[in-house]
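Undergrad: The primary structure of each chain is shown beneath.
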Amino acid sequence: MSLVVQVRFPGETLPPLEDEKKNTTFKVGPGLTHISPSTLIVSRAGELNIDQRKHTIWMESNSKRYVASQNDAIIATVLRSTADSYICAIPSSNSPVPSASQAVLPHLAFPQATKKTRPVLHQGSVVYARISLANKHIDPELECYDADSGKSEGFGELKGGFVFGVSLGMARRLLGDAKKTRLLRVRERKAEAGRKGEEYQDVGVDMSSGREVLEELGESLSFELAVGRNGRIWVHSGDPKTTLCVMRCIQQSEFLTGKEQRQLVKEALKALG
Amino acid sequence: MPREIDPTINEKSFILDALNQKLRIDGRDLDSFRELELNFGDDYGLADVQLGKTRVLARVSAEVVKPFTDRPFDGIFTITTELGPMASPAFEPGRQTEQEVLLSRLIEKAIRRSNALDTESLCIVAGQKCWQIRADVHFLSHDGALVDASCIAVVAALQHFRRPDVSVEGEKVTIHTMTERIPVPLSILHVPICVTFSFYLDGEVCLVDATLQEEQLRQGDMTITLNKFGELCQIAKAGGLAINGLNLLRCAKIALVKVGEIAATVQRRLEEDAAARVRRDNLLESKADNERA
Amino acid sequence: MECVTCGATFRGLRLCHSNPTHDTSHNRPSSHLHKPSSLPSTSHSFLKKLENVPLRNPLTRRPPHRRPSYVEHGNTKVICSVNGPIEPRAASARNSERATVTVDVCFAAFSGTDRKKRGKSDKRVLEMQSALSRTFATTLLTTLHPRSEVHISLHILSQDGSILATCVNAATLALVDAGVPMSDYVTACTVASYTNPDESGEPLLDMSSAEEMDLPGITLATVGRSDKISLLQLETKVRLERLEGMLAVGIDGCGKIRQLLDGVIREHGNKMARMGAL
Amino acid sequence: MAPLQTSQQTGTPLSPAELSYLHTSLTLTPPIRPDSRTPTQFRPLVAESDILPSTNGSARMIWGDGGECVVGVKAEVERNSATSVGPRDWIEINVEVSGQRDDDAFLGMTVAESLLVPGSGVLERLVLGERFHWKVFVDILLLAPPLSHPATLLTLTTYLALRNTFLPKLISEVVEDPVFDDDWDNALPLYPVGKIPPPITLLVVNVGENIFFDPTREELSAGDVVLAVSICGKKVVGVRTLEGGSGGVGRAVVKRVIKESCEVAEEVFSNLNSVGEGD
Amino acid sequence: MTDRRRINGPLEGTIPPVFLTSSTHKSIIKRSPTTLRKIFLKTGLTPPATGSAFLELPTPSTHSTPTLKLTSSVYGPRPLPSSTTFSSNARLTAELKFSPFSTPGRRRGYIRDGVERDLSAQLSIALGKSVAVGKYPKSAIDVFVSVLDCEGGLGDAGDEAGGGVDVGLMSVLATAISCASAAIADAGIECFDLVAGGVAGLVLEQGGVVEEDRVEKSLEVGQDSDDARRGMRKNGKVTLVLDPSPIDGYIILAAAAVGYMAARDELTLVWTKGSMGWDGDSTDEVERIVDGAITASTGVRLVINEAVKERLLLGLKEMGLIRGKAVSGDGDAAMS
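Chains as they are written, first to last, in UniProt numbering: chain Z, 1 to 273; chain R, 1 to 293; chain L, 1 to 278; chain P, 1 to 279; chain H, 1 to 336.
Treat the hints loosely; a few may be bogus.
Computed list of lysine-lysine pairs in DSBU-like fashion (alpha-carbon distance at most 30 Å, straight line) [said to hold, decoys possible]:
hint, chain 1, residue 1, chain 2, residue 2
1, L, Lys228, R, Lys12
2, Z, Lys64, Z, Lys115
3, H, Lys38, H, Lys97
4, Z, Lys54, Z, Lys241
5, R, Lys22, Z, Lys241
6, L, Lys271, R, Lys66
7, Z, Lys64, R, Lys53
8, L, Lys228, R, Lys129
9, Z, Lys270, Z, Lys259
10, Z, Lys270, R, Lys66
11, Z, Lys116, R, Lys22
12, R, Lys53, Z, Lys159
13, L, Lys117, H, Lys38
14, Z, Lys159, R, Lys66
15, R, Lys253, Z, Lys266
16, R, Lys22, L, Lys228
17, L, Lys120, H, Lys317
18, R, Lys228, L, Lys256
19, H, Lys38, H, Lys317
20, L, Lys120, P, Lys195
21, R, Lys253, Z, Lys259
22, H, Lys138, H, Lys317
23, R, Lys66, L, Lys256
24, R, Lys228, Z, Lys64
25, Z, Lys270, R, Lys253
26, L, Lys120, R, Lys253
27, R, Lys253, R, Lys22
28, P, Lys169, P, Lys255
29, L, Lys117, P, Lys135
30, L, Lys120, R, Lys129
31, Z, Lys115, Z, Lys27
32, L, Lys228, R, Lys253
Note that these hints are calculated values from the structure, not bench results.
None of these values were measured; they are calculated from a predicted model.
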């Protein structure tokens, strides 16, 4: 069975969308440029995804540079403090030297913060925050509380532990984004198999969530973990050895299938003793 | 302007904690190098060194020039380095930073001033013509230990390089092409290898081949250049944390072991490359024969 | 001012705070190494005559800052002045946690045998500056003066070997005098490794430029009583086995220099105290 | 501009009240200087000569206000070349101010102009036979720029260094390649006694009717015009106007400045010449 | 370090044609020692500048006459950049530059050398004392002078090897002062007085009149000129020459350039070269030569006045404030 992944390159014009019903409007996602009335041109290389039910179409690709977008949870580093806010860096890539964009975290953007009770962050502190404002003309703004409840919900300064980088796609997978594409793909496969009159079979790749590594690690080790959409991961545990083990497993599992990931973790745990 | 971000508080304290327990982030021992990968190009004199994520390319080339008037019997050997944005976004093109000056000075002292290359053998006609050997070092990716990697790259490229053969008859100098006569290797007197030590926790811990993250956190550093005969070519400890004399001597002994290992790897890779070349040449010859037939 | 360690001797050493007033003595024992005779200076008969002639009013007191120190190791002469802690002159020298140490090394065009102007971007000068600033950045208590700069300006008036070591000593002297807080003295000297024809090598202390040309040697600086090495430079090929001996002699030499510096500083301090300047 | 930086970079400018007080006290008859000197009195300084063994002549001077200047003179043998623009190139002057990127053009030009004035006879002493000549490098190093304008300090030190500059004695014939006497005791002075001495430059500031020598920075900013008068022996060899001061000056004042400079210069010369004869 | 932003010509290879002109055949302008050269001065030539002026000296008679040409433009008063500290006075900066083609033979680079910096400093001193800087707090006035042609040589390179003092730079400075003054007046910046530059020199005299032939003869003798001059110094008397030009062929013993404010009878700049005291007392001779330079600058001042006036009248006429033809000619001023 062949895996047909629709890889498209910038400049390609997409064929007209096959539509079950006429006159449905599609939402155009990232990586595509729309030229009216109905031409779509690819502007980022990657895999084309079409969700017929939700009527959305977008390009899926992995990159190292993070572009802030609203409501993303990210891990940022405090650079300095000004009169009413902290200036933070949003590091993104996992290359040896991370590149970074700047963001503003107001002093009062913490749960129940007042001028007197605000948490004091120093240069080099790490915060888990949500992007409350992303706009191409100004630096993004961050918040350390949940927009709905006003509670911290895990946002705030991350104390101790270790921070490392993975690719943006990996971070998204760890956060469970892969589920969407996975379901889509399974549906497509089934449809294709149905057309050919064959029985659909899972080859193991389609149903991989991409986060088996975390599931497996979580079963035997105790640690805290925060994943930022900007490709930074924070791990904390009582023992540096455990932390390092978690880090290495995650970093090495990027291109592995679910089964392989579980195998990797088992071996690592054995080595850890 | 892209700037290197300092490591976060969390990273800093974690790495130091781990070092205190003799643990490194990438799981190495304190005194072990990352895996050294050394490849040669199709042409002579191109060496590509990978040390973990650090990658350095050295290219050696030769040309015939007039020797310096004050040294008529010596050839010319130059090493050029440039830290560009290719290696790290923190490096700007065109501007010479202090880091770059120190780096090039170190490589220069380690290789050129220790007379690794016999410049007298480069003389063709005294005061008239000599070979100028030029080693260009390109930094492709920066993850620490630039000095060590570039030193390996340069010495490997120098050993790999072959210059065209030259014959002198009276005043007449003939440079034979590579096909005309077998090109000759450079006369290498010894193979210096740099080992950089990084000091942490007031000198309690000393690391070999630190990554960029570890370099950013170190309190002091020292680069020792040795050859496998146990000759010190250069030591540079420019300030930083003060270290006990005995510790320094211990570092020197560790360096000697490392130098032996690295020199052996370089030698092995050179031999492998030479063997591969012979095989390829034979293959080409047999092909040519076939065509003729 | 002579100190003997394993047969190694310093050349005439002169350390002063501001004005050299006394003659230099050459205490070097006659050795198998000769000073360069090509130097026109060696036969200069009035070479060492120093005059202090106040033109009108001899009573003068310098402002407390910018008092230069003057150090001679034989014919190597260095003047050093320290400015700081001051407001950083460049934005890049501002650090919110500690003071930055900046060093300017300037070779006077007339300092060598041949006149030579060294540019500011000369690699060797940059290397020296960086080594000196990193040496003192760890020894000075820089965290006491955040967002400021300590500027050390060194002028080499005459070169005859051991330049970096002389610079370190001059800078230490000037820093102590300027009142910049530091954990201990940093003192430096050079050691050469000399091999007799019968293979019985012995290290030589304090190299002149002729010796630097012919012998392998190290420059090292130690921090105060701890005898820990903060700066170590070797630029010529030497057997690894020799390093230990050289280090031992060097550490000892640095200790001797520290005593000499200490003496000068105490004398100067007492004088100041007598004058009521403290 | 360059000279402005050396003179005014240290310290903040005076407030209008201070300036007015200073101006008033300086215009009195007799004037009152802030440091109670007489108009022609110099500030104290310490001088020493022949401090550097690797030079042909050297001197060091330290002002009371922290200014320090070292001058080294070096001579090298150079072949006469057709492209050379003539003997004016035989003496090269470089002023380097510590902590400043550029060398100071203004100060260098002042010294060079007065040193190379026609008829001083120095250039003739640099000739070595038919094909060679001495090239003299005068390197002036201002280690710590004084709080006032460094011109006076600089030229006095240069004078001292040049007075103590010796060139090896030529023992070869005119047409041969130059060969020198090894004995330094036989070396010839660049400025022999009895010949025209090297020039010095005096800084003079004029405030109202009064003229002050060796002005401090404050006096410079309160004055009308600051003149640098170069004097060689008894002759004026150059006058220049300096930055500082606030207005023009009448021609009568210029004449007075020059007249008094000549008188003061004589005293300065005799004082400087006593340096080195002291012991 | 070359200027990388510019596209420089090839380092070597293109040599501008050198024609045999002034250097071999010195076209000597016969004028009496007290006559000034004719000046062409016109203001308002650079429209974007607040004030500007062009000066040519002397007004060219033939095509190949070597001339001194300068343009000057004044910008300001304009606000100081925010980074600078408060200043209760206007900050006047002056910059003098030689165009790459201003000197014959080798092209000058764009790098500011010592000569340019020195002249710039002197220019700003001379002008700074005439402008009412107190009237413009927190502002900057920038004066730019560029030398387009300098009479076939600066004379500072010692082309008169054994000769006297060169006056090339001095006349460049003096004319730069005059030209910049006119530009400042054109800009309408308040001044105490206008500064005019003037140069005078002392030359050897023989029989009352300076004989050009004789000077030339001594130049031809070449090597002996020094001895000849020294010999002559004993017998000959020294004469004052106003506005000497390096191409006039004088051997100048001493020279002075002044910046002079005629209405206030005050000097803003005094610059002398060469040793004085050939003819008796040093002080008297300085006075004599400075007075000569003042006389020269007074003449120049008339031209500046005329040029500024004409431009002013032209402006008034355009605005309709005056009628009729108050302006004669094409708006430039010349003086004989």
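Undergrad: Give a verdict on every hint.
TA: Hints, one by one, checked against the model:
{"no.": "1", "hint": "Lys228(L) with Lys12(R)", "result": "holds, 25 Å"}
{"no.": "2", "hint": "Lys64(Z) with Lys115(Z)", "result": "violated, 37 Å"}
{"no.": "3", "hint": "Lys38(H) with Lys97(H)", "result": "holds, 23 Å"}
{"no.": "4", "hint": "Lys54(Z) with Lys241(Z)", "result": "violated, 45 Å"}
{"no.": "5", "hint": "Lys22(R) with Lys241(Z)", "result": "holds, 11 Å"}
{"no.": "6", "hint": "Lys271(L) with Lys66(R)", "result": "violated, 62 Å"}
{"no.": "7", "hint": "Lys64(Z) with Lys53(R)", "result": "holds, 16 Å"}
{"no.": "8", "hint": "Lys228(L) with Lys129(R)", "result": "violated, 50 Å"}
{"no.": "9", "hint": "Lys270(Z) with Lys259(Z)", "result": "holds, 17 Å"}
{"no.": "10", "hint": "Lys270(Z) with Lys66(R)", "result": "violated, 65 Å"}
{"no.": "11", "hint": "Lys116(Z) with Lys22(R)", "result": "violated, 42 Å"}
{"no.": "12", "hint": "Lys53(R) with Lys159(Z)", "result": "holds, 28 Å"}
{"no.": "13", "hint": "Lys117(L) with Lys38(H)", "result": "violated, 46 Å"}
{"no.": "14", "hint": "Lys159(Z) with Lys66(R)", "result": "violated, 64 Å"}
{"no.": "15", "hint": "Lys253(R) with Lys266(Z)", "result": "violated, 39 Å"}
{"no.": "16", "hint": "Lys22(R) with Lys228(L)", "result": "holds, 23 Å"}
{"no.": "17", "hint": "Lys120(L) with Lys317(H)", "result": "violated, 59 Å"}
{"no.": "18", "hint": "Lys228(R) with Lys256(L)", "result": "violated, 36 Å"}
{"no.": "19", "hint": "Lys38(H) with Lys317(H)", "result": "holds, 28 Å"}
{"no.": "20", "hint": "Lys120(L) with Lys195(P)", "result": "violated, 39 Å"}
{"no.": "21", "hint": "Lys253(R) with Lys259(Z)", "result": "violated, 46 Å"}
{"no.": "22", "hint": "Lys138(H) with Lys317(H)", "result": "violated, 34 Å"}
{"no.": "23", "hint": "Lys66(R) with Lys256(L)", "result": "violated, 50 Å"}
{"no.": "24", "hint": "Lys228(R) with Lys64(Z)", "result": "violated, 42 Å"}
{"no.": "25", "hint": "Lys270(Z) with Lys253(R)", "result": "violated, 35 Å"}
{"no.": "26", "hint": "Lys120(L) with Lys253(R)", "result": "violated, 37 Å"}
{"no.": "27", "hint": "Lys253(R) with Lys22(R)", "result": "holds, 20 Å"}
{"no.": "28", "hint": "Lys169(P) with Lys255(P)", "result": "violated, 43 Å"}
{"no.": "29", "hint": "Lys117(L) with Lys135(P)", "result": "holds, 15 Å"}
{"no.": "30", "hint": "Lys120(L) with Lys129(R)", "result": "violated, 33 Å"}
{"no.": "31", "hint": "Lys115(Z) with Lys27(Z)", "result": "violated, 43 Å"}
{"no.": "32", "hint": "Lys228(L) with Lys253(R)", "result": "holds, 18 Å"}
Going down the numbered hints, you'll see the structure goes against 2, 4, 6, 8, 10, 11, 13, 14, 15, 17, 18, 20, 21, 22, 23, 24, 25, 26, 28, 30, 31, while the others check out.
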